[in-house]
Structure formats: structure tokens, C-alpha cells
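Peer 1: Sequence lines, in order, name chains A and B. Following the numbering used here, the numbering of the first sequence begins with 16 at its first residue and continues without gaps. Following the numbering used here, the numbering of the second sequence begins with 10 at its first residue and continues without gaps.
These aren't lab readings, by the way, just hints derived from the structure by calculation. Treat each hint with caution, since some may be false.
What the hints assert, rightly or not - Covered stretches of chain A, going by a simulated chain B footprint (3 or more residues, C-beta under 8 Å):
#1 68-78
#2 126-136
To be verified - Below 25 Å or equal to it, Euclidean Cα-Cα: the simulated DMTMM-like pairs (lysine to aspartate or glutamate) are:
#3 K73/A / D129/B
#4 K73/A / E79/B
#5 K88/B / E45/A
#6 K88/B / D86/A
#7 K401/B / D322/B
The structure presented is a predicted model; accordingly, all values stated were derived computationally and were not measured. For glycine and all other residues, C-beta sits at the position ideal for the given N, C-alpha and C.
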Amino acid sequence: MADGIRHKAQKLGYNISVYSADNQARHELELTVKAINEGVQGIILSPTNSSAAVTILKLAQRNDIPVVISDIGAGAENYVSYIESDNDQGAYDLGGVLASTLSEKGWQDGSVGIIAIPQKRANGKARTEGFLRALEEQGIRTAGILQQSDFSYRETYEFSRTLIAQNPDLRAIWLQGSDRYQAALDAISEEGKEGDILLICFDAEPEFVELIANGQLVGAGMQQPFLMGETAVETMDLYLNGHKVEKIQQLSVLPVSSQNLKQLLPVINRNVLGKEAAR
Amino acid sequence: MMGASNRPNRSAPSLLTRVTLAMIAAILLVFAFHAIYVYSSQRAEHIAEMRLDVSESLERLSKNIAPFIEAYSVNEYEKLVATETALKQHFAVVVQDYEMGEVTNTPYYVSGQVLTETGDYAPYREQDPELNQRLRQAFYTDTASILGSNGEPLGQVSIYTSDEALIGKLNRVLLEELLIIFVLALTLSLLLIAVLRRYFLRSIMHIDSAIKNCDSGGIPLERIPDFQYREIALLSNTINTMLDSIRESRARRKIERLRLYNTITGTRTGTWEWNVSTGETVFNERWAEIVGYSLEELEPISIDTWMNLAHPDDLQRCDGLLNKHFRGELPYYECEARMRHKDGHWVWVLDRGSVLSWSEDGQPLMMYGTHQDISERKEAESRLAMAAGVFKYAREGIILTSAQGVILDVNSAFTALTGYTHGDVVNQNYRRLLVPDLRGDGFEGAVLNSLKEQGVWSGEYWVPCHDGSAFPSLMTIAAARNNAGDIQHYVTLFADISHLKQNEDKLRLIAHYDSLTGLPNRVLLSERLRHAVSMARRHEDVLAVVFLDLDGFKLINDTYGHAAGDELLIALARRMQKTLRDCDTVARLGGDEFVVLLPDLSGRRECEPVLDRLLATLSSPISLGDQIVQVSASLGVSLYPQNPDVDADILLRQADMAMYQAKQRGKGQYRFFSEKNAKAIDRRPLQPLTGDRSGEISG
Chain A
16 MADGIRHKAQ KLGYNISVYS ADNQARHELE LTVKAINEGV QGIILSPTNS SAAVTILKLA
76 QRNDIPVVIS DIGAGAENYV SYIESDNDQG AYDLGGVLAS TLSEKGWQDG SVGIIAIPQK
136 RANGKARTEG FLRALEEQGI RTAGILQQSD FSYRETYEFS RTLIAQNPDL RAIWLQGSDR
196 YQAALDAISE EGKEGDILLI CFDAEPEFVE LIANGQLVGA GMQQPFLMGE TAVETMDLYL
256 NGHKVEKIQQ LSVLPVSSQN LKQLLPVINR NVLGKEAAR
Chain B
10 MMGASNRPNR SAPSLLTRVT LAMIAAILLV FAFHAIYVYS SQRAEHIAEM RLDVSESLER
70 LSKNIAPFIE AYSVNEYEKL VATETALKQH FAVVVQDYEM GEVTNTPYYV SGQVLTETGD
130 YAPYREQDPE LNQRLRQAFY TDTASILGSN GEPLGQVSIY TSDEALIGKL NRVLLEELLI
190 IFVLALTLSL LLIAVLRRYF LRSIMHIDSA IKNCDSGGIP LERIPDFQYR EIALLSNTIN
250 TMLDSIRESR ARRKIERLRL YNTITGTRTG TWEWNVSTGE TVFNERWAEI VGYSLEELEP
310 ISIDTWMNLA HPDDLQRCDG LLNKHFRGEL PYYECEARMR HKDGHWVWVL DRGSVLSWSE
370 DGQPLMMYGT HQDISERKEA ESRLAMAAGV FKYAREGIIL TSAQGVILDV NSAFTALTGY
430 THGDVVNQNY RRLLVPDLRG DGFEGAVLNS LKEQGVWSGE YWVPCHDGSA FPSLMTIAAA
490 RNNAGDIQHY VTLFADISHL KQNEDKLRLI AHYDSLTGLP NRVLLSERLR HAVSMARRHE
550 DVLAVVFLDL DGFKLINDTY GHAAGDELLI ALARRMQKTL RDCDTVARLG GDEFVVLLPD
610 LSGRRECEPV LDRLLATLSS PISLGDQIVQ VSASLGVSLY PQNPDVDADI LLRQADMAMY
670 QAKQRGKGQY RFFSEKNAKA IDRRPLQPLT GDRSGEISG
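Take these sequences, add in the hints, and give me the full structure.
Peer 2: Structure, rendered in C-alpha cells:
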């Protein structure tokens, strides 16, 4: 996302400083205060979490500095605009991808287990709702849903084994995050269900192009961080120049499967993997 | 009047309403105290709760906020604070975050939640002075430090509570209490009213309906019914007893009033009421009538009416007595006074009364009394005083006795005349004392009969004296009767007539006896002759009437003087008395003429010896001083009875005629009357027996 921001800022002629809080709340706050103290015109914030964003928004507001939120939402609404991925649409489309795959395999009677990110998050909730709607429309049962808390390998591995053990008819596991896909693959493999139980993920990792291509992953709902950064800068620019901006802007999530991988690969490379900036 | 007063006053409160209101008031009062108690206790409880809430919130927040401060999750603990604030309804919760203060290069980072005037919570704004002022004025504030996991201070949290919540809660408590009071009071009142109506007022209504039907005096005609419940039954019985008592009392009072009215009317008593302080006065009709007026004529009536009519002299005396009564020196007021009658004369009234109500300072207020016309009594008293004077000072003895004959009183003249003291005779029986010597010839019966028929007896009576003697009296006994005609007393009045009796005797002597010789005179002779005739006729014996004339008496009288003649006559009278029997009578007709009556004779022969003795004794010489003289007598005799019958006068004339014959025959002899001789001498006029022949003495 930072690449997208830098890319667009440079294009529009802004001096941009990009700080990483390293997922540290204090550091995030210190950086916010620092930015404020430096007299920035605006802040594009991708907060560590939506709650932390509230305090940052409050500090910025006290100093009349506009904030555009990107990716992860805020627990408050005193921002200029919030640019997010359309998680509901992305999950729905992803559900459609899985359903058609199960149909192709004649596994419509099988069930699908879900390992979800925390449902108190707006994006987690949207992803679950979109995915389940798609399954319901296709008549595919849900085996169960387990919520991640520490996002560790171990956690994802144990959740995957539990779903497999408790649901003999399990035909697929949907992992709402992307970074612990290996734990799920290992659990399927170790349960001897490789080829019998499919794995489908939300979000993207660079290796997913290959995993989808070779069939280890049925598909992935890929967000477009580069595009998101660019959109954030554009939005801030518009706001600073006195234009009206949409309060919430949703960017589509790409439902990538082996069928459309090739077609979507240029978009993936630019907007998902940020290869445009590298050029 | 009484009936009207017994009707319930429409403005009088209803018992049911009053009792209901009183009960509601009592219930409300009790509940009001309860509400005050509840309010106070609830207030204290809520304050304690509030402090506990604050304390718990502080503990909870300081404990829960700490990790968020450490994690710089400001929003998280702000949400926590917002939740706690809203949940516990705190007025404000303010957090000072030292960790964030380091981040923002300030002593602390302030955040929090404050209740706005619209009732919502808003974030705390440190720069708002008005808000800070409100916080300073918060009802209760408490602060707790926020400590990190290793004990270092991370900040502090302050909780402000407003009394609005407390007031709100207490208002709710108050409202609830009021609602409870209302509902309970209403329920209780309705229940109590129902109970009262069922057990109490219904009974009272029954009593009320029973006593509504009452007589003109306001006394119920019916008895109060019996009731099931003891208290009401007792009340009913008591009322019935009271009603009976009132009826009886009223009947008694009616009788007493009637008696009083009859007494006042019957005794013709005037009545008066006098308000001493105002002078207001009320009289009855009789009061006015006593003085000849009607009440209307006396209008306007006041105490002055009395004062104007009363005799000035008596008024002054009455005032004196009245004042004594006012001062308590007399138990009641009583005064006899004269009042001016309408006709102008004075009427005596007995004015009596007494004060029946007094003021607190002892002044008389109301006085009641009567007037009685005592004019007649006064007159009677006057007469009685006169009678008493008569009784006391009369020279006649006076005895008062009861109808039964017991002596009640005697006057001093009685004691002086009879020698009996007052004590000797009072209470003694009149009859025993005075009557024993009453003549036994029907005298007592005649007296009693006269008293019975005529109410008075009068006659002569010998009054016995203490010393056993008696004296003649002229006595009058009168029966004193009451108005019914019954004898109440006897009054005996007697006068000593001893001197009259003596005079009477003297007169009788003068009238019947010859003053010279002491022999019966012509008058007495006439009586005795008539008596002797009647006795001879009754006893069928013979009476001889002898007419005697002295021979030669004129010569002696002329020779020796009248004194000698008188002396001769006296001496001859003595001789004749000695010669005759006691039953014979010798009387001097006058001069030298005498008549001798010889009763109880068997015949002429028995008479002749007496005649001879008379001739002899009369012719015997008599010594007159130095002289001895001698006379003779000629006697004519007539006898009774005769055929045809003759009266006394004829007898005496016959004897006179016979004496004349004896004179003619030569004196010193006697001759009996005979018819043939009578014709020869009838030429001589017969002298009436009662005439005065003193000047016709012949020799």
C-alpha cells in the first residue's frame, strides 16, 4: 500500500513521509504525534487496528488535520474517507468459486469448515456473511466456524485438524486470512485428506499465484493494496483541494481461481503485488 | 319546637363522611410518615449505593484500564469508561493517562465521558471551563490511581456523580411511595368504609331510622331495635333505657309542671324573673292582676314597673332585705310590701324570691320569685290583733277549746275569776273541769243542742273555782266553724254577775215583801194565792183564804203615833207567824189589813181552830214601850174549791166580803163567806189584789 501511496504522491507532487508502527500501538501514536508536530497537511492512516485509529483520529482532529483511513477501518467516523476492500463481495465471489469447484468434483453433499478472523472486526464479519450467502445459494452445508485469536501456525493447524476430525464429510476449509495457509495444508496432509479436502483463502500472498496454478489452492480473494494506496492519496488530494469525497470507498476483491488466474495476472501484479512501483 | 330541633341540621357533617375523611387522613398520615421514612432511608441507601457504585467503578476501571493504558489502547479504555459511565449512570468519568502524556509530551492525556444536559454522554473536553465548573460542583467525586502491572502509576481515574440521578431515583421512590400510598389508602379506605358500613354505620342507620320517627317533643316513638353486636346492642339498650327514662321523666315533669301551674294558678301566685344586671324582668299575668292591671297595660315591663308600683316606705325596706340576700346574709329574700292598685288603693303583697345564678365575682345574675296577695291575711291579722287585745284585756273570762273539748287557752281574766292558773287548765278537758257541776236537768243537752243548731248558747252558769267555790256568770259559748262548716273551736266567754244577783235578790225582796213587817206583800200574796189554788185543785184538798182587818188600830195609831202603830203591826205579824204552820202564808196588804192562806185543809172544821188562835193572839195585849195596848181583828174566810169554780181574785174578794160581814157583826170574830150573805154586802167595791191600799187602813 505504501508503494501505491508513494507512487501516487509523487505523481501529484506531495512530499510524503511513510512511517511504519511495526504493529506497535505506542509507536503508532508517537509517529502520529510526530507527524502532527511536523505540521503535515494530511495523514493517510492504515491503523494497527480500528480501535487505535480512534485515538489517532482524535489527536489529528484536535490539530485540524484531515485523515484518510485505508484498509483497516476505524472505530470512529471523524475521518475524511475510508478506503476498504469490498470484503462481502470478495467472499461471496470466493464462495462461488468453491461451490463451482465442489460441483465439478461432485462433492455438493460435502460440508465446508471455516477458520475465521475475529468476527468483531468489520472485515471478518463481512467476509463470513458474503461467503455463507454464496454457499447457501449453492446448497452447500457449513461444517463449523472457528475464530482465530493469535493468528499463530499452531492455532490454524489445530483448528484445521479439529474441523477434519469432527466432520467426516468435510470437503473444504476456508481460511479467512492468507499468512497461515501452510498450517492448514499441513493439517490436511497429515490427516491423509490431501486431494479429499480443498483449501481456499482470502487475501493474497506472492506464492499464491503458483499454488493456485498447481491446484494446492482452489482460489483466493485478493485485495488490491497498491490500488488502495493510490486511491487514498487521490482522495486526500481531492479533499485538500476542496472537493467532495466519498466517505467510504470500496475496492473490489479479486476472486482468483485457476480458471481466471491468467486473465487477472496483470492486475494482480500491479494492484495486489505492487509490481508497478517496482518498475 | 323540640321536634324541630331534633331534626338533623342539613349543614351538620355526615358521620360517614367525617369518619371516612378521618380514616383517610389517618391512613395518609401513617403512610406519609412511612413515605418520609422510606424516602430518608432510600436516600441514605442510594447515597451509600452511589458511593459503593463509584467505589466499585473506580476499582473496576482502574483495574481494567491499566492494561489498555499499558497497551496504549486509548479507544479501548475510552469505550470501557463510556460503558461503565453509561452503565452506572455516573455524571462523569475522567481518565488521566500518564503513558499517553508521555506520547503527547504533556503531563497526562485526558479523556472521559460526561453527561450532557440532553441526557446523552459526550466525550470530556478538557478545555471547556463550563464543563470543569460542573465537575467541581458534582455531588460526589472520588478518584483512584491506575497502577501498572509492576505497580508504577499509569494515571488516575476520577468519577463524578450528580445528585440528579439521586434526585431522579428519589423522585421515583417518592412517586412509587405516593402511588403505593394512594393505592393502599384507597384500598384501606374502601375496606374500612365497607367494614364501617357493614358493622357500624348500618347499625347507626338503623338507630337513626328508628329515632327519626319522633313525637313533637323530639323523643322517638319506637324503641331502638336489638343488634347482634355487643357494643351496639349495649348502645341500643342504653338508648332505650334512656328513652324510657326520658319518657318517664317527661311524664313526671309534665305532672310536676301541671302541679306547679295548678299551684301557681290555684294559689293565685304572681311570678317574676329578674335579670339583676340588665333589669330585664318577666311577670306572669297574675302579677299584674294582683294590682288590677293586665300585662299589656304594664308594658314596657322592667324592674321599674315594680319600683313604681311599690309603696315608697316598703320599697326602702324591701331593698334592704334584698341587699342582705345579695350579700348572703339572708338565705332568701322575703318582704311584705304594699303596691298601688290600679283603682288607687294599696294591696299588700308577699314578695319572695332568691338568686339562682351568680356571676364569677359573686354578683347576682338571675333572680326568681313570687308575689302573693296577702291583703286579706293582713286584714285578718289586724282583726286577729284586735281579737288578741280583747282576749288579753277583756274583764270577762275567755276559754278557747278544741272541737273535742280540750282547753287550748284561757285569758288572764279567767285565772283571776276562777283562781285556776293557765297551766292548771290548758290541755285539760273542758267538760271534766267545768261541767261536773252542771245541772242535771237536761241543761247540758240543751246547751249542746243550741250550739249545734244555732252555734251559740247563752245563759247563766255557776262557774266552779279552784278553791271549790262557784260564782254566777252570764256565759256565752260560741262554736267557731271553718269554711266547710265544721266546728273547729269553742269560745266560752263568761262574766261574773254575782253583784247583779245580789241586786236582783234585793229587788225581789223589795217587790214581794212588806218593808215594815217583812211579811209577803200584795204581789207575793197574789203569786202564792194562785199557786195555792192550783195546788188545791191538783191535790183535791181545801184552801182557806182569810181576810184580816185589825179593830182599833187607827185609835192606837192616832194616840201613840205612827211609830207605835208600826211597832204594833210588827209585833202582831210576829204573833201571826208563830201561830200559823210553815205551809201557811200571812201577807200584809197595807195599813192594818192582812191576808192569811191556809192550804192543805181537809175541810172547814180544820180551819176554825186556826181562826180562833188567830183571834186570840191578835187580841192579846201588847207592850209598846211604856204602854200596853190591845186590839182585836175581824176575819173573813172563803174556801176553795167551790162550785162553780172560782179564781184567786174571787176567793180574795169573797174573803174580804166575809170580813166586812164580821165587822158588821161586831168585830173580834170571823165569818165564812156564803152566797146569801154576799148579796147583802156586794155593794162594797172589791179592792184589786195588786192595788195599793196603804192609805185605806180602817179600824
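Peer 1: For each hint, tell me whether it holds in the structure or not.
Peer 2: A quick look at each hint next to the structure:
1. Coverage of the segment 68-78 of chain A by chain B holds [criterion: at least 3 residues with CB-CB distance below 8 Å; count 5].
2. Coverage of the segment 126-136 of chain A by chain B is violated in this model, with 0 residues showing a Cβ closer than 8 Å to a Cβ of that chain against a need of three.
3. For the suggested pair K73/A and D129/B, the alpha carbons sit about 20 Å apart, so the restraint of at most 25 Å is met.
4. Between K73/A and E79/B, the direct Cα distance comes to roughly 19 Å. Compliance with the 25 Å bound is thereby established for this hinted pair.
5. Between K88/B and E45/A the CA atoms are separated by roughly 21 Å; this keeps the pair inside 25 Å, and the hint holds.
6. This hinted pair checks out: K88/B and D86/A have alpha carbons roughly 22 Å apart, not beyond 25 Å.
7. Using a Cα cut-off of 25 Å, the hinted pair K401/B and D322/B is violated, with the two alpha carbons roughly 31 Å apart.
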